[in-house]
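In case you want the letters, here they are:
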Amino acid sequence: EPEVTQTPSHQVTQMGQEVILRCVPISNHLYFYWYRQILGQKVEFLVSFYNNEISEKSEIFDDQFSVERPDGSNFTLKIRSTKLEDSAMYFCASSVSGLSTQYFGPGTRLTVL
Amino acid sequence: GQQVMQIPQYQHVQEGEDFTTYCNSSTTLSNIQWYKQRPGGHPVFLIQLVKSGEVKKQKRLTFQFGEAKKNSSLHITATQTTDVGTYFCAGLIGNQFYFGTGTSLTVIP
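For the record, the sequence lines run as chains A and B.
Under this note's numbering, read the first sequence as residues 1090 to 1202, first letter to last.
Under this note's numbering, read the second sequence as residues 5 to 113, first letter to last.
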């Protein structure tokens, strides 16, 4: 069964550094998402992406964040200057259409020191 | 801001007992999805409800969408240890899914 994959599984970085989290969505899916989950808390929507542009973003997704689909398979989330409060699990998800089942990847645990 | 609330936050049940989690929104939802997240895992889609008053069943799981499309529930009959995890609802408002706060289920053998 096709899966969403994410790399790395765990990223440790110093405050102020840039990080790029990578995702490979399911190949025939057209909608891509990033979510984050602070330890023990709920899943929070960051951004959705369709047709090579952001279709929706939350208040969390400020100027420090950006997304890109640099080629036909990868979908990346960049955090330009990490803060301590960015420490969380970041999940990528993809779906066939905007209102259908979202398939989540295994997540990248980001630790900002 | 938009919020989707879930109760209870935690639930401990004896194996074989029933379990229900409730999801409430102050805003009408276009649809609602339910996910299960095992400890240390990622959210896994369970089901999507779209119509007012809709009820769907998956084996021991029963999902319901309220008539006003502002609330939903997930009921598990005769829980098993494999049901352990956190159950999240996610309501669609506009073009964004808002996840509920989750209900963490512990099943005591």
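Just to be clear, a hint being listed does not mean it is correct.
[As the list claims (entries may be wrong)] Derived DSS-like pairs: lysine-lysine, alpha-carbon spacing no greater than 30 angstroms straight-line:
1) B:Lys63 / A:Lys1172
2) B:Lys63 / A:Lys1146
3) A:Lys1172 / B:Lys55
4) A:Lys1131 / A:Lys1167
5) A:Lys1167 / B:Lys63
[Claimed, not checked] Here are the computed distance ranges between Cβ atoms for each label pair:
6) B:Tyr14 / A:Ile1109: 30 to 38 angstroms
7) B:Arg64 / A:Asn1163: 34 to 42 angstroms
8) B:Arg42 / A:Arg1111: 17 to 25 angstroms
9) A:Arg1169 / B:Gly44: 22 to 30 angstroms
Calculated directly from the structure, the hints in this document are not laboratory data.
Quick caveat, the model's predicted, so the values are computed rather than measured.
For each residue, glycine too, the CB sits at the ideal point set by N, CA and C.
Comparing the hints with the structure gives:
no.	hint	verdict
1	B:Lys63 / A:Lys1172	44 angstroms, violated
2	B:Lys63 / A:Lys1146	36 angstroms, violated
3	A:Lys1172 / B:Lys55	42 angstroms, violated
4	A:Lys1131 / A:Lys1167	21 angstroms, holds
5	A:Lys1167 / B:Lys63	41 angstroms, violated
6	B:Tyr14 / A:Ile1109: 30 to 38 angstroms	36 angstroms, holds
7	B:Arg64 / A:Asn1163: 34 to 42 angstroms	39 angstroms, holds
8	B:Arg42 / A:Arg1111: 17 to 25 angstroms	23 angstroms, holds
9	A:Arg1169 / B:Gly44: 22 to 30 angstroms	29 angstroms, holds
The structure is inconsistent with the numbered hints 1, 2, 3, 5, although it conforms to all the rest.
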